[in-house]
Amino acid sequence: MDNAETLRQAILDNLTSRQWRAGHRLPTERDLGEQFGLSRSTVRRVLLDFKRKRLITQTVGSGTYVADQVQQTLGEMATLGPAQITSPSELMSARLVLEPAIIDMAIGNATTADFQRMDECNAHAEMARTLDEFEHWDAALHEAIAVAAHNSFITSVFRLMNEVRSQGEWGVLKRRSATPERRLEYQHEHRALVAALRERDADRARALCLAHLVHVRTNMLGF
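Position 120 (the sequence shown) corresponds to 121 in the numbering used here; numbering is contiguous.
Think of the hints as simulated: they come from the structure by calculation, not from any bench.
Built from N, CA and C at the ideal position, the CB exists for glycine as well.
Check each hint, because a few of them may be wrong.
What the hints assert, rightly or not - Pairwise CB distance ranges (calculated):
1) L161 with E35: 47 to 57 Å
2) T7 with E200: 29 to 39 Å
3) A196 with R55: 40 to 50 Å
Unchecked claim - Straight-line alpha carbon distances no greater than 20 Å define the calculated EDC-like cross-link-like pairs of lysine to aspartate or glutamate that follow:
4) K175 with E186
5) K54 with E30
6) K175 with D105
7) K52 with D115
Can you make the complete structure from the sequences, with help from the hints?
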């Protein structure tokens, strides 16, 4: 767990345990940054996720406070599945850890049919006429790479990640960040990644996978 996720979990623990109740003022961004070893911009992004979930409120010049309806919101979240409550930032953090980690398994287990499926996903993405269609085949490619590991648990995790990608907030951010130039860059990155997988070059495939995900995160989330 990285420091940002440690901060995220610490805030959630304080809310769910009612250590921080409605109206409680949170430590300042500077104090949280010093406590968890994070930049203020990273702390701000973590807090923004909680604000989007209506768990905290922020007032310029005053500070960050636990929202009045925090327990109601936590109760509603408890009835939802992970796909409904996972933020784009959380998803990207998970992808940066998980996707490069399965490269070795994909290279070791991928069949000719798996590579044909990856090529099919790339071809459909390149022919896509709409962003939604491109996003569908983009997600399908990453799932196809996971499927190539031939591990049912990994496949189920990636299908859950694609459920998160299908939620509205991810789509809004993707549309805001999408340009024809960026789409072409993603397509080139996808082709290069599949080529490295086909050549069974694990080091290059991992590097390409990580670079692609960082590129997506930078375009979508700004860091």
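Holds or violated: K52 and D115, Cα atoms, limit 20 Å. Not OK: K52 and D115 at ~41 Å, beyond 20 Å, violated.
Does the Cβ pair L161, E35 satisfy 47 to 57 Å? Hint violated: Cβ distance 35 Å, outside 47 to 57 Å.
Restraint status (C-alpha distance of K175 to D105 at most 20 Å): Roughly 29 Å separates the two Cα atoms, so the pair is violated.
K175 and E186: Cα distance at most 20 Å? Roughly 14 Å between the alpha carbons, so the hint for K175 and E186 holds.
Between T7 and E200, is the Cβ distance one that fits in 29 to 39 Å? holds, 38 Å
Against the range 40 to 50 Å, how does the distance between the Cβ atoms of A196 and R55 compare: consistent or not? With Cβ atoms ~44 Å apart, the hint holds.
20 Å limit on alpha-carbon distance, applied to hinted pair K54 and E30: holds, 18 Å
In this structure, the earlier hints numbered 1, 6, 7 are contradicted, and the remaining ones agree with it.
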